[in-house]
Structures are given as C-alpha cells and as structure tokens.
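**Student:** Chains W and Z, in that order, are what the protein sequence lines are. For the first sequence, the residue numbers in this note's numbering are 1 to 382. For the second sequence, the residue numbers in this note's numbering are 1001 to 1095.
Hints were generated in silico from the structure; no laboratory data involved. Ideal Cβ placement from N, Cα and C applies to all residues, glycine included. Incorrect hints may have been included.
Residues of chain W clear of chain Z, computed beta-carbon distances all greater than 12 Å [to be verified]:
id: 1; residue: Asp121
id: 2; residue: Ile181
id: 3; residue: Ala188
id: 4; residue: Gly206
id: 5; residue: Ser334
id: 6; residue: Asp348
Which stretches of chain W does chain Z cover? Using the computed rule of at least three CB atoms under 8 Å from a CB of chain Z, they are [said to hold, decoys possible]:
id: 7; segment: 15-24
id: 8; segment: 122-130
id: 9; segment: 150-161
id: 10; segment: 197-205
id: 11; segment: 229-239
id: 12; segment: 245-255
Below are the chains, spelled out letter by letter.
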Amino acid sequence: MQEVAVDAELTFRDPARARALSARLEEEVHALGRDPVTVMHVCGSHEQAIARFGLRAAFPEGLDVIMGPGCPVCVTDVPEVDEAVALARSGIRVSTYGDMLRVRGTVQSLGDARADGAKVDVVYGVSQAVALAREIREPVVFFASGFETTAVATAAALLDDPPANFSVLSAHKYIPPVMEIVAEMPGAKVEGFLAAGHAATITGYGVFEPFVERHRMPVVVAGFEPLDVLAGLLELVRAIRSGVPKVVNTYPRCVTREGNRRAQELLWRVFRPIGGRWRGIAHVPNGNLRLRDDFADFDARRRFDIDVSSLWDYAPPKLVQKCQCGDIMAGIASPTDCELFGKECTSDAPVGACMVSSEGTCKIWLTYGGHPDLRNIRRRAS
Amino acid sequence: MCLGVPGRVVSIDGLVARVDFWGVQKDIRLDVVDQSVSPGDYVLNHVGYAIRRIPAEEAEQTLALYDELLRAEDQDLMSADVKSELEAAGGRRGR
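Go ahead and model the full structure; you've got the sequences and the hints to work with.
**Tutor:** In structure tokens form, the structure reads like this:
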C-alpha cells in the first residue's frame, strides 16, 4: 500500500511525462497563433511549485504565467494586522501562523510587538492555539488568516467545544470573489485562471461555473506537483484556444465537482461572507469571512475593545510607500519591477508582505534565484 | 500556511490520526475529511487537518488523465505544414 502511493507521488515528477507535457504545451501556445497569452494562478503553492521545480524554464515563449492574490498572508490587510497588534500590545496573548509574525500593519508587525514585550505565540495550526488556551487561564486570541482551506480548520476547532478563554480574530478570506475582481480590473490581460487544487478540494470545482459563465473565461483546477502544473496549464491554453469557456479539473485525485461537503458545511456554519479590503486589491464583495452571531462568544472583535487608533500616531516608514506588493498581487507588476526587491527588501528584512511569507511572490523569487524566468538563458544556450 | 501536504496515516485514535510526512510524524485532526480514513491511507493535510483521503487508485486516475492529455487530438492539434514550419524555424518561434 505504502509503496504504491509513494510511487504514485514520485510519478507526478516523472521527467519523461514532464517533457512530453511541456512540449505539448509549447505546441498549444504556438497553435494559438499569437502571443503573449497571459494566465493567472491564485495560489502561493503554485508559484512555489513553479519556482522550486524550475518550471518557468519549461514554459514556452508566448505564455505568461502570473501570480495573483493567492498568498493569504500577503492579502491580509493593514487594518487587520493593526487589530492583532493592538490586541497584543494591550496585553492579550495572541497566537498565529509563523508567516503572519512579520507582516506589518500601519507601523508594527506582531513580531515587533513581541519584541516590545507583547505575548505573541507562533503555532502550527489552530489546534495548537486551542491546546494552549486549555493549558493556561488567560485569554488566548488566535489571529486566523488564510483562505477557505485554512478557515475550515478554524471552523472545526470552534465546533469542537473550545475553552471559554479561546477566541478568534478572523482575517480569513474566500478566493472565488477575488477572481471576479481581478477579471474585471481595467487593463487586465488575464485570459484564464489556474485555480488552487487545495481550495477546490473544499469548495469543489462547481464553484467556478458561474464565474466562467459570467466572464467567458476558462478556469482549470490544478494540483502542485510539476506534472499537475504543466497539465493544468496545457488544459488552460487548450481551453483558451478552443474559445469555449469551461471549467476543467486536472486534479481528480483530490477534487470533485461537489468538493468536500462536510468541510463546506462546517465552514458556512461558523462563517459568513462579508465585503472588505484585501491588501493590494481594495474592496472585495463577499471576500472576507467573519464569525456568525452563534459564535459571538468566540469572536475576539466582540469580546475585546480593540482600539487601533493609538497606532495611527506613527507615520509609515518611507520604504513602505515604495513597496509594490499591491501591484504584484494584482498581476500588474513583477517583483523585479520593484526598486526595493533584493536590495532594501529581503527575506531577512522584508518591507512588504510579499517578501514575508513563504507563499509571497517576492520571497519565492528571491529564494529561487532572484528571477526564476530562465527562458532567456535557455534561448541563448540553444 | 496555505501549503497542503500529503502524508500516510500510521495510526488513528478517535478524531486524531498520526500521520507520517516523509519520515516526520505529526498528529492530524480528522474532523473535516469526508471519507473514512484508515491506517495506510494517504491524506491531504492542511494546517493540521486532513481535508481529503487520497486513495492510490485516484492518484492513478490523475496520471491516466495526463497520459490522455498527451495522446488527445494528436492529429488535429496542428496541421502538418505548421509543424514543419516550426521545425524549420528551429522548433521555436521568436517573440
């Protein structure tokens, strides 16, 4: 049993299939008869797979694969970070995912607040924050960010009888509405979306059907192994070429049309969608997830008087004003377009959210060599 | 935190599974997964919760799909003259 599955896992990195898929992708792009064709993925895991396995070098000329607002840490908006920082500075214990620690609000990150003496804990997941609350008597606030996949975990924890001293500051976000915003952005060049396999594992691929209908644009659900990404892009270009917008699922080992119904049920029992800001994207109708009234006792916003006004006395550092994270997440700019990239802004001293998270485009690009587009090198070599 | 990682279930105690991720073992909650999970199964894990059981046959189904993709429309994908034109241009079209 184990061997079969491990073999299958490795098979998704099979070089012969990867070469064949890459060659077919190149044929498809050529057959389109024009360039460039621009597609967007909305998942940090896709960008990681692309960078880690050097896939940009395997993409044909004429195909631009850009990363949209798919990094949950990056799209957490400044006021949301401010709320967490203000809570922590007021003496409340705040626990959160590691990559949220260094994301700056108006002035400070939770890490900065911790350096100033605030009680901030890094946890692997919500269960660990609940366990911490069980251990100690003081209030524990879980600063919850992430998309539907992560929100489901928060929902499950809240439905599993958490202790009374536990509460949630929700910065959870829901992906499908932001695709609408990006598709409608003036000057948007995106012709199709590569949707995140994990999020679609929860929602099912059926959730994209209304989008495809409205925007006449294909959506392909793809996984995160090299073959998954190549096959997803191949289907996406084929769909663009066919001129018939549709949803295609290239991740059937995890994604069905209906998705994980139990997870959806947990998600919507605990959360309700509201409109709100995403960093870099502005207002997204129904893009934010807030706790329903039934869970008011566990809603940190209702439980504590969060006063962020004390943070407004500061002026944001000058460097922050030059940061191009917003444009990068909207797919308008690349990390290398930002004058701070790799100079004033590095993994050790990140200025913007895209450099903080392991799912941020800037962090990924810098980690894997500054500019992972190797096509120029290959062209010279050939 | 958005990374989903597949791992193999080693043992199960109620709603908690001990899962092996390439040699590292972690306790993962089973509240969210909508299929029955047994030791030996692979699960897709996300921030401490299994969100999907991945049976080996479904992994094979994905691979079959990819092979299908490679076979499909071999003839009508591009006409022969376009193919030869591409070959003449060194297999690659400049921008």
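**Student:** Each hint: holds or not?
**Tutor:** Now the hints, each set against the structure:
1. Asp121: holds, 15 Å
2. Ile181: Per Cβ check, Ile181 (chain W) is outside 12 Å of chain Z; nearest 19 Å; holds.
3. Ala188: At about 21 Å from chain Z, Ala188 (chain W) clears the 12 Å cut-off, so the statement holds.
4. Gly206: holds, 15 Å
5. Ser334: With a cut-off of 12 Å, Ser334 (chain W) remains clear of chain Z, as the shortest Cβ separation is near 17 Å.
6. Asp348: At about 21 Å from chain Z, Asp348 (chain W) clears the 12 Å cut-off, so the statement holds.
7. 15-24: Coverage by chain Z holds for the segment 15-24 of chain W (4 residues, Cβ < 8 Å).
8. 122-130: holds (count 5)
9. 150-161: holds (count 6)
10. 197-205: With 4 residues closer than 8 Å to chain Z, the segment 197-205 of chain W meets the three-residue bar; holds.
11. 229-239: holds (count 3)
12. 245-255: holds (count 5)
In this structure, none of the earlier numbered hints is contradicted; all agree with it.
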